[in-house]
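J.: Work out the full structure: start from the sequences and follow the hints.
For the protein sequence lines, the chains are A and B, in the order given.
When you line the first sequence up against our numbering, it's residues 6 to 232, in that order.
When you line the second sequence up against our numbering, it's residues 6 to 112, in that order.
Keep in mind the hints are simulated off the structure, nothing from the lab.
On a predicted model such as this, the values are computed, not experimentally measured, just so you know.
A hint or two may mislead.
As the list claims (entries may be wrong) - Ranges between beta-carbon positions, derived for each pair:
no.	chain 1	residue 1	chain 2	residue 2	range
1	A	205	B	40	25 to 35 Å
2	B	90	A	200	23 to 33 Å
3	A	42	B	13	15 to 25 Å
Glycine included, C-beta positions come from ideal geometry on N, C-alpha and C.
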Amino acid sequence: MRSLFRTPMMAPLVRDSALVWLASGVVGVSFGAIAVAGGLPLWVPVAMSLVVYAGSAQFSAVGLLLAGGGPLAAAATGLLLNTRTAAFSLAVADVLGPGRFARLAGAHLVTDETVAFTLAQPDPDRRRAAFWVNGLGLFAAWNTGVLAGALAGTALGDTATYGLDAAFPAVLAALVLPALRTDRSARRAALLGAALALAVTPAVPAGVPVLLALTGLVVHGRKGGTA
Amino acid sequence: MTSTTGTAVVILVLAVGTYAFRLVGPALHGRVVLPDRVRELLAAGAVVLLVALLATGALTEGGGFAGWARPAGVLVGGVLAWRGAPFPVVVLAAAGSAALLRALGVA
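T.: Take a look at the structure:
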């Protein structure tokens, strides 16, 4: 692993990761601020960010707790949102590394951002380096941001003012475009899946639309076309 | 407001459950030999999930329409990405356009 971090591929990986870290850090600040401003004690957002470490599930769980939705609903919604990480962990399983520790620790770092960043790399060595560089940096940025936000409380205001809610979908667009360009079969499946997800969004609980998108795979051709 | 114990239980259940989901890939890896077709579908499945996250994240908020500023910002970023712009430019342009539109009064 150490030799991996000395190779010349590191500079571009760090440079491209830095904006993902920055955006997540700022979203983390808003998560910490929202939780504390809503009346939860400081340890709640901080502990949740360290051990759950999943932005959207944390927002929904805290939102439900603050709205008086009860612990059961908060946990169930968060888990539903996170079921997709099982599929993502299968997609990156072979890049974590051979050792037991790498697999156990790497599993905790599986997030939407890191998986997208990893799969966008052209070869196995770069994918492994990208997963660890992006994943460790993201973990540090997210948790630092949450702590800062929880300490700052309400001073920051609405982070939508800075357009940060548009940053993550744009990150995803930049990362999946190469796969969509070259793989016609995946492109058809993804477009059908996204259309289904959008269509059911108003009618089903959060987390379900993205999972239903997987039914788009029915149009995925047998040959794959990943030339 | 939920009790401290209730809150701690929520965090614990979420943490254990989420980690279990995340462990599915690494735990199965090397123990189960997946057929080529399944591997192909897994790779495509990740792309499908990411594009669905992109679409719902760009267009919706809390089950409804997210307003015009966010999708417009994402579109600016997407077009720049399509034309081969560097990653930092894509992200900053998306956030900047959405922020600018909001400053101009577009929701």
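J.: For this structure, which hints from the list above don't hold up?
T.: When the structure is compared with the hints, none of them turns out to be violated.
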